[in-house]
Amino acid sequence: MTQNDMPFQSSPIRSAVELAIGPLVELLRRELELAGIPSPGAEPTSIRTFTLWYLEVVQLLDAHCAEGDQHPAMARAEVELMCRCALSACSLEEAMQLCARYCETLYPRAGRIELRINRNMASFCLDSLRNNPTTASSLVDITGLFAFRQLFQWLVGVDLQLMQVGIGPVEREDVLPFLQLFKAPVLSGGNGYVMEFPADILRLPVIRTSAEFNEFFTVFPCAVFEDTRRTLAEQVVSLLSASLRQGTGIPTQIQLATALGLSLSTFRRRLTESGTSFRDLRESCLQDSAHYWLRHTDMTISDISSRLGFSDAGAFRRAFRQWTGTAPTTWREAHRGTTHQGGSGNRLQMRSISRVPLTGNR
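Numbering (my numbering), first residue to last: -15 to 346.
For lysine to aspartate or glutamate, the following DMTMM-like pairs were computed, each having C-alpha atoms within a straight-line distance of at most 25 Å: (1) K167 x D272; (2) K167 x E98; (3) K167 x E180.
The calculated label-pair distances, taken between Cβ atoms and stated as ranges, are: (4) R187 x T89: 24 to 32 Å; (5) R305 x T89: 53 to 61 Å; (6) N104 x T310: 33 to 41 Å.
It is worth saying that the hints were derived from the structure and are not from the lab. By construction, the Cβ of each residue, glycine as well, lies at the ideal position given by its N, Cα and C atoms.
From just these sequences and the hints, can you work out the full model?
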């Protein structure tokens, strides 16, 4: 049994986990309520139970959205077969093409995949024929897009460096913790779900074997905080961003370390080894959230400072000037309507593409 699997016996540890993943649970529960779907099981109390709960929630939401599209969602067994088809490929490009051909056989239930190559740029485009996009479908679709990223980088054994990601027409700030998993500029408010990357990575060889598949697929694609390929810094940023966007307060180092199954000393050492620190990550998340609210909302400076945990608006203004060299109001006037490269993006006309139903139902 790993530390992520262990039940929590003491209330301080449990409260640390709840503070860390609570905002993500709240986001998912809200989508279930809006869809009229009862929440499955008990409140997650560890990273592992969150992973299993998240998988079940996304499957329920996927099935709900498919009803509105007047065709059933992909079954999880069908998703597994698609992934196994990709595993048989020799290169990343062939794996993507096999996924596209597999989805054609299930049309329209599996939607449509297209790989576009334009000189040095490649685009992996998804269209699952969504009739009426909703907040629930956007959450499912973002999970699906991230699932393909997980699959492809697992197949080739390297972290795929995306240049840009498009996440479709539904604009919402509360999914930022999930968007940051892509580690690339994310654009919302357009038409498409797409991952853009250098075309030369299509030549990467598939290195995985069938013996490794079962472990990979067990909780695919919802092990966002168990993925050993994701750095500790990336996991911390996702959890900090979730807390800021949900207004639940920033977890402490001790709370985050406990939630991730690490001692405080190990937590600090691993961040140092990756060239960062909790303070640096915290400052980055505060700045990113401040930029988002200044650019995309009408929140007052006082409200933003309170949301970020500053003692007063003056303290926030001083910090913001240190970050950017300018005052918050001046920055807001200069950046209204510009593309947000660090978070959820801006209204841009993307290609006419839509969702991918990658999670499937059991």
